[in-house]
Each structure stands twice: as structure tokens, then as C-alpha cells.
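Enquirer: Quick one: dock chain against chain with the hints and give me the complex.
Taken in sequence, the protein lines are chains A and B.
Read in order, the letters of the first sequence are residues 1 to 179 in the working numbering.
Read in order, the letters of the second sequence are residues 1 to 209 in the working numbering.
Be aware that one or more of the hints could be misleading.
Claimed, not checked - Between beta-carbon pairs, the in silico distance windows are:
#1 A:T169 - B:T166: 22 to 30 Å
#2 A:R37 - B:R46: 42 to 50 Å
#3 B:K169 - A:V22: 42 to 50 Å
#4 B:F144 - A:T43: 29 to 37 Å
#5 A:K39 - B:Q192: 42 to 50 Å
#6 A:R47 - B:T57: 47 to 55 Å
Unchecked claim - Far from chain B by the CB rule (all over 10 Å, computed), these chain A residues:
#7 V30
#8 A33
#9 S34
#10 T43
#11 R53
#12 V65
#13 A79
#14 R82
#15 L83
#16 M100
#17 T121
#18 A135
#19 L171
Stated by the list, open to error - A short, non-exhaustive set of chain B residues, derived as facing chain A with CB atoms under 8 Å:
#20 H20
#21 Y25
#22 K28
#23 L106
#24 L108
#25 A121
#26 R124
Bear in mind the hints are in silico, worked out from the structure with no lab data behind them.
Glycine included, each C-beta is placed from N, C-alpha and C at the ideal position.
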Amino acid sequence: MTVAAEPHHWRVPPRWVLLVAVLSIACAEVAGASMARFKVELTRWARDAMLARPAVHGLVGVRDVDERILDEALVKFDAGLRLYHMHAEGMGLVIIATTMVAATVARAGVARRVIIALLTTGGAGYPVGYLVWSALIPAYGLERAKTIAEWLVWIPFGSATIVALWWLTGLIALRMIRP
Amino acid sequence: MTRVMLTLLAILLAAPAAAHHVGAYVPKDNAVTINFKQVKFSVQARKFDVALRLFETGALRAEMRAHAATLPAGLEDGTRAALAASDGPEVERRLMIFFAALARDLALEADRRLAEAGGTAESRAATGRKFLEAIWRYYNLVDFAVATRDNKTSVAIRLAFDEAETYVKPATGAAAPADPARLRPPLQRIAQVLSALIEVTPTQARRDS
Numbered sequence: 001m002t003v004a005a006e007p008h009h010w011r012v013p014p015r016w017v018l019l020v021a022v023l024s025i026a027c028a029e030v031a032g033a034s035m036a037r038f039k040v041e042l043t044r045w046a047r048d049a050m051l052a053r054p055a056v057h058g059l060v061g062v063r064d065v066d067e068r069i070l071d072e073a074l075v076k077f078d079a080g081l082r083l084y085h086m087h088a089e090g091m092g093l094v095i096i097a098t099t100m101v102a103a104t105v106a107r108a109g110v111a112r113r114v115i116i117a118l119l120t121t122g123g124a125g126y127p128v129g130y131l132v133w134s135a136l137i138p139a140y141g142l143e144r145a146k147t148i149a150e151w152l153v154w155i156p157f158g159s160a161t162i163v164a165l166w167w168l169t170g171l172i173a174l175r176m177i178r179p
Numbered sequence: 001m002t003r004v005m006l007t008l009l010a011i012l013l014a015a016p017a018a019a020h021h022v023g024a025y026v027p028k029d030n031a032v033t034i035n036f037k038q039v040k041f042s043v044q045a046r047k048f049d050v051a052l053r054l055f056e057t058g059a060l061r062a063e064m065r066a067h068a069a070t071l072p073a074g075l076e077d078g079t080r081a082a083l084a085a086s087d088g089p090e091v092e093r094r095l096m097i098f099f100a101a102l103a104r105d106l107a108l109e110a111d112r113r114l115a116e117a118g119g120t121a122e123s124r125a126a127t128g129r130k131f132l133e134a135i136w137r138y139y140n141l142v143d144f145a146v147a148t149r150d151n152k153t154s155v156a157i158r159l160a161f162d163e164a165e166t167y168v169k170p171a172t173g174a175a176a177p178a179d180p181a182r183l184r185p186p187l188q189r190i191a192q193v194l195s196a197l198i199e200v201t202p203t204q205a206r207r208d209s
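Just chain B, with the same shape it has in the complex (with noise of 0.2 Å):
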């Protein structure tokens, strides 16, 4: 009997071995997000000059020369005549439209991905989560400005986003688990929404609330 204790005792005691320091893992910016806040924090200061030279010989602009093919025509362009004008809310546009670009090619070749037959609901789940946390990275830079032009454009982006979540979450204790089934619907809206916006934006901020 004491054995057993002194056993059980040992488990109980050791049982904090089981959690260990493994480090956190904190997501970073990459090169063409870095840019956009170095762009966009010198345009706020008024510093086009810098802006400018930031802009013509980051990752921003390459970015925008490797998306020619899906982006409006003239969005490099215009954006360096923005900034050489001083146009801060011209520049502010075009950086807009350029990560929902980014944005919106995410959610189609997420769409596009989940299509394809094969593969486990965990992993198809997971494949969908790490689409959305792209997705999300970009479009969340430039939500503020979607949100000033055109409100009800940023409330859809953010249900649906949420919505695409609730079926990619793992499952945990009572929760469901996750069903990548159902997250085409949401990100076909996001993508839907993201290129009317693309479209049709109006170059006059505007608030509808």
C-alpha cells in the first residue's frame, strides 16, 4: 500500500515534466509588409521624398511588377506619379487596391486548392487556416482604408473571414470539429467582394456609418 502511494506520489510529482519551455513563435513581417509601413509611415510624416525613394527600390514594387497580370493596369505607375504629386490619399488608394489584390488571389487559389479532391478534413483544414492567416495578414493592413471608403465592403470581408474560421478551427473539448466542406462559400465571397472592390473604388474617402 505505501508502495502505491509513494508511486502515485512520484507520478503527481513528476507530472510537471510533461510541459516544457519550447520557445513562442512570433510571426513576422516579410519584405513587401515591411515596405508597405515604411511607404505608408513616411507618407503619414509627409515625407514623399522618402516615401518615394522606399517605394521605388523595395519589395513593394517588385511585388507589384510580379502581380502585373491580376493587377489594374498602370496600379505602379500611378502610385510613383502619387507619390512624386504628394498625393497622400492617391497613394494610400493604390496600396489599398494592391493588398486586396493580394488578398483576393489568396482567397481563389484557396478556393481553388480546396476543390481538389484528396486528403484528410484535418489536413484539408489545416491547408484552409494557413490560407487564411495569409489572406488575413494582408488584407488587415489595409483594412482602415477599405473601412473609410467603403464600410459595408470591410464588414463583409470581416463576417465572411470569421465565418471561414469557425471551419477551420481544430476541434477542442465540446467544439465541432473542422469542416474545410464548408469554407468554400466564405472565401468565394471574400474574393467576390475584394475585386468589386478592386473595380469599382472611389478615389473620395467616404463613410457611410
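So that you can see chain A by itself, here it is in the shape it has in the complex (with noise of 0.2 Å):
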């Protein structure tokens, strides 16, 4: 028995789509190199801004509490630096996927278009989220400053390629049913 394979055709997305994937990735690489050259510097630096807002980070005066607090947001600074920096890497590979696969699969026209555009400014969009909340962690605090990054980045650039995701998802169930 023989079986006749389908012959692919790939489509290479646009080559904005394709710069912007590799920029990611690059600012990804560069982030995760600085992370850690500079990692004694940006922690300094970190501590002195939040030991400049005391009110905003709840420190009270007494070492045994606020070391806590300063190590909690410490943590949290530097994990928000690693997530960018693990994010942008893992989104520019998909932002490259899921942008070839809208290309092949979708016909040309408005939707490939908008699932494309969408898939890549939420892809590069969302990983920003980690770098805006972990700049602003001293100023504004944990709490706040994740407020921020969630109605800055996160949700908007986050449901982008979630809603693309699923709106791709529907295109491909659609062409196994009618090719």
C-alpha cells in the first residue's frame, strides 16, 4: 500500500515577523548575560531605591522585619528579571512557529494578517511584562508595580496571542474538515 504524502508547502512569515522573533530572543540573550555581569550592581541598586521609600515598601525601622520585606522584594526582582529573560527566548521561537503556521495555513487575506500580527506583538509584547514589573519593584512595590505590568503588558499582549492562539486553532480545525 502506498501512500501519497500531502505536499507542504511552508510559508515563511513576513520578514518584520521574523526580525522581531530574532530581536527578542537577542534582547532574551543580552538580558540573561547583564543578569548576571551586573548582577551585584542591579541588586545594590534595587535596595537603595527601596530603602529610599520606606512607606512604600512597609519598612519599619527594625532590621528584623525589614530584612524580610527587602529580601522578599529582592527575590522578587531578580526572579522578574530571569521570567524576561526566559520568556523572550521561549517567545521569539514561537512567535516563529505559530507565525508560519497562520502563514501556511490561513488564507491570504484580513485574518492571516491580524492572527499574524497579533502572534507576534503579543509575543513580543507579553515578556516586556517581567522586565516593566521588575523595574518597577522598587519604586512602587510588589504589589503595585505587578498592578502595572498586568494592565500594561501582561493582559493586553498576553490575551493578543492567547485569542491568535485559539483563532488559529479554529482555522486549522477547519481545514481538516474542508480542505
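Expert: So, in C-alpha cells, the structure goes:
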């Protein structure tokens, strides 16, 4: 029995999409390297910025109480940088993979362009939220910084990616039913 | 209609975007509690020479000196002498007194802060919560030693602590909002009970239960 292989013609997504994806990965690598190289300086800066705003962080001036607050904020500050590094690397690859699927499966037209635009902006923007969160922790405190990053970056860009992925899933399912 | 449905579907599908991984924080030991555990485990292993060296070079002794004004006289010398004499129970007793004193000082400081006017109920509750965390971090290290010598004291501290915690919990659902004004009596009770423990601590272990 012979099975005729279904011809696949993978389409490369637009160049600007590839540029954004590769740029995201490049920024992730630079951030990872910088994080390791300037770890002490970054920690010192964050600590000094937090000590300059005791009310924001709820510091009470008692070492036994404050050291735990500062430690948690510094751990989260570092976690934000690490999560940016990992997400930007990963999402760069996700952008390339998913936009390639979209370019191949979706028929030329508005739908394809919108899906690709959502996947690219969402994928490249979402990791920046971690960088924003991390950068805002010393000035605004853990919870306020998280809320700002959520509404400014995570929710809009994350939603864009999720909506585009479900849309793409629906399109693929449709192609299976009606090739 | 279709557009409305699609919009609703998009919102529902995108809802998970509101949840994102932001890491978890596991509180770490500080230099004093690390050194305490090192000394404690060395004593339990009957390596008194190691315990003495760790005590003499560690943060525990430095902290004892820093708090000398509020500690019973000769606590540091007595701890060193007990280590040199390989007297495990006496080392445990003296370290118990030290951490009880640290917890008591924090309870007194928390009470003083809460007595000051100003600040919202939420910020005062947050301050109280942080003090309670710090008090428990130290007291928890020696609770077993306290309970084996005087379990009534241990129970009294735990009850006061539990009561204090209920007044600083943030409001969730049907739970009542934090009430920092009511936090002072349990804090004062913690300080009183710990002061009594520090002043009259029997050397011999005793079980009341």
C-alpha cells in the first residue's frame, strides 16, 4: 500500500515578523548576560531605591522585620529579570513557529494578517511585562508594580497571543474538515 | 449577534492572560537563625568543639553582644561556658532565653508602634503582620525547648499569637477586615509571658503534661 504524501509548502512569515522574533531572542540573551554580569550592581540599586521609599515597601525601621521585606522584594526583582530572559527567548521561537503555521494554513487576507500581527506583537510584548514589573518593584512595591505590569503589558499582550492562538487552532480544525 | 458572541468568546479565551507566573518566595533564614541551627545540630551530634567554634565566630554571639542591654547578665559567657563544658541542656536553655528575648523585644516594639497615632487600618495591620512574622520566626526556633520546660508558657504564647493573627488578616470574602487596634493586648501578653520565661527559667527540663 502506498500513501501519497500530502505536499507541504511551508510559507515563511513576513520579514518584519522574523526580525521581531529574532530581536526578542537577542534581547533575552543580552538581558541574561547582563543579569549575571551586573547582579551585584542591580541588587544594590534596587535595595537603595527601596530603602529610599520605606513607606512604599512597609519598612518599619526594625532590622528583624525589614530584612524579610527587602529579601522578598529583591528575590522578586531578580525573578522578574530571569522570567523576562526565559520568556523572551521562548516567545521568540513561539512567534516564528506559530506565524509560520498561520502563514501556511490561513488563506491570504485580513484573517491571516491579523493573526500574524497578534501573534507577533503579543509574543514580543508579553515578556517585556516581566522587565517592567522588575523595574517598577523598587519604586512602587511588589503588588502595585505587578498591577501596573498586568494592565500595561501582561493582560493586553497575553490576551492578543491567546486569542490569536485559538483563532489559529480553529482555522487548522476548519482546514481538516474542509481542506 | 455573531460579532458579540465572537467578542465574548475572545474575552473568555483570553481570560487566562490575567494569570501569570511571577515566581514564589520562600523566606530564608537570616545569619542569626542559620548560626543557631549550626550550633544546635552540632550540640545534638555532641560535637561541642565544633559548636563552640561556630558560636564564637558566628552571628549568634555578635547578636547577643548587640542585644546585651536587654538580655540577662552573663548570657553570652554562660553559653560559651556550657559549650566548653559539653553541657547540651544548658546550651539549649541559654539559646532559648536568647531567642525568647529577641521575640519579646519585637513584641514590645510592635506594641509601641501600634500605640502611635497615624496611618490607615490597613497599613497598621500590615505593620502588625510583619512584626508577628518576625516574632514567630524567632520564637518558633525555641518553642520545643520552651514546651519541654514549661508547656503552659508555650501554650500561652501560641494562643496569644493565634489571636493576634486574626486581627491582622486581610479581609477576604465574608471575613471581617483587619482590626489592628485589637492587636495590642495579645502582643502585650506575648511580651509579658516571654519576660516571665526569661526571668524564671528552670534549668531542669520539666513536663507538665
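Enquirer: Do K169 of chain B and V22 of chain A keep their Cβ atoms within the hinted range of 42 to 50 Å?
Expert: holds (49 Å)
Enquirer: Minimum C-beta separation from T43 of chain A to chain B exceeding 10 Å: can you confirm that?
Expert: Nearest chain B Cβ is 14 Å from T43 of chain A, so the label holds.
Enquirer: Is the Cβ of V65 of chain A farther than 10 Å from every Cβ of chain B?
Expert: violated (5 Å)
Enquirer: Was the hint right that L108 of chain B lines chain A, CB cutoff 8 Å?
Expert: violated (11 Å)
Enquirer: Double-check Y25 of chain B for me: the hint is only fine if its C-beta lies closer than 8 Å to a C-beta in chain A.
Expert: holds (5 Å)
Enquirer: 42 to 50 Å was suggested as the range; check whether the CB atoms of K39 of chain A and Q192 of chain B agree with it.
Expert: holds (45 Å)
Enquirer: The hint names H20 of chain B as touching chain A; please verify it with the least Cβ-Cβ distance against 8 Å.
Expert: holds (5 Å)
Enquirer: Is the nearest CB of chain B more than 10 Å from the CB of L171 of chain A?
Expert: holds (14 Å)
Enquirer: Minimum Cβ separation between R53 of chain A and chain B greater than 10 Å?
Expert: holds (14 Å)
Enquirer: So M100 of chain A supposedly isn't at the interface. Is its beta-carbon more than 10 Å from every beta-carbon in chain B?
Expert: Holds, because the least Cβ-Cβ distance between M100 of chain A and chain B comes to about 22 Å, which exceeds 10 Å.
Enquirer: Is the nearest Cβ of chain B still more than 10 Å from the Cβ of A79 of chain A?
Expert: Contrary to the label, A79 of chain A does not stay out of reach of chain B, its closest Cβ about 4 Å off (not over 10 Å).
Enquirer: Just checking, L83 of chain A versus chain B, shortest CB gap more than 10 Å?
Expert: Violated, because the least Cβ-Cβ distance between L83 of chain A and chain B comes to about 7 Å, which does not exceed 10 Å.
Violated hints, listed in ascending order, are 1, 6, 12, 13, 14, 15, 24, 25 and 26; each of the other numbered hints is respected by the structure.
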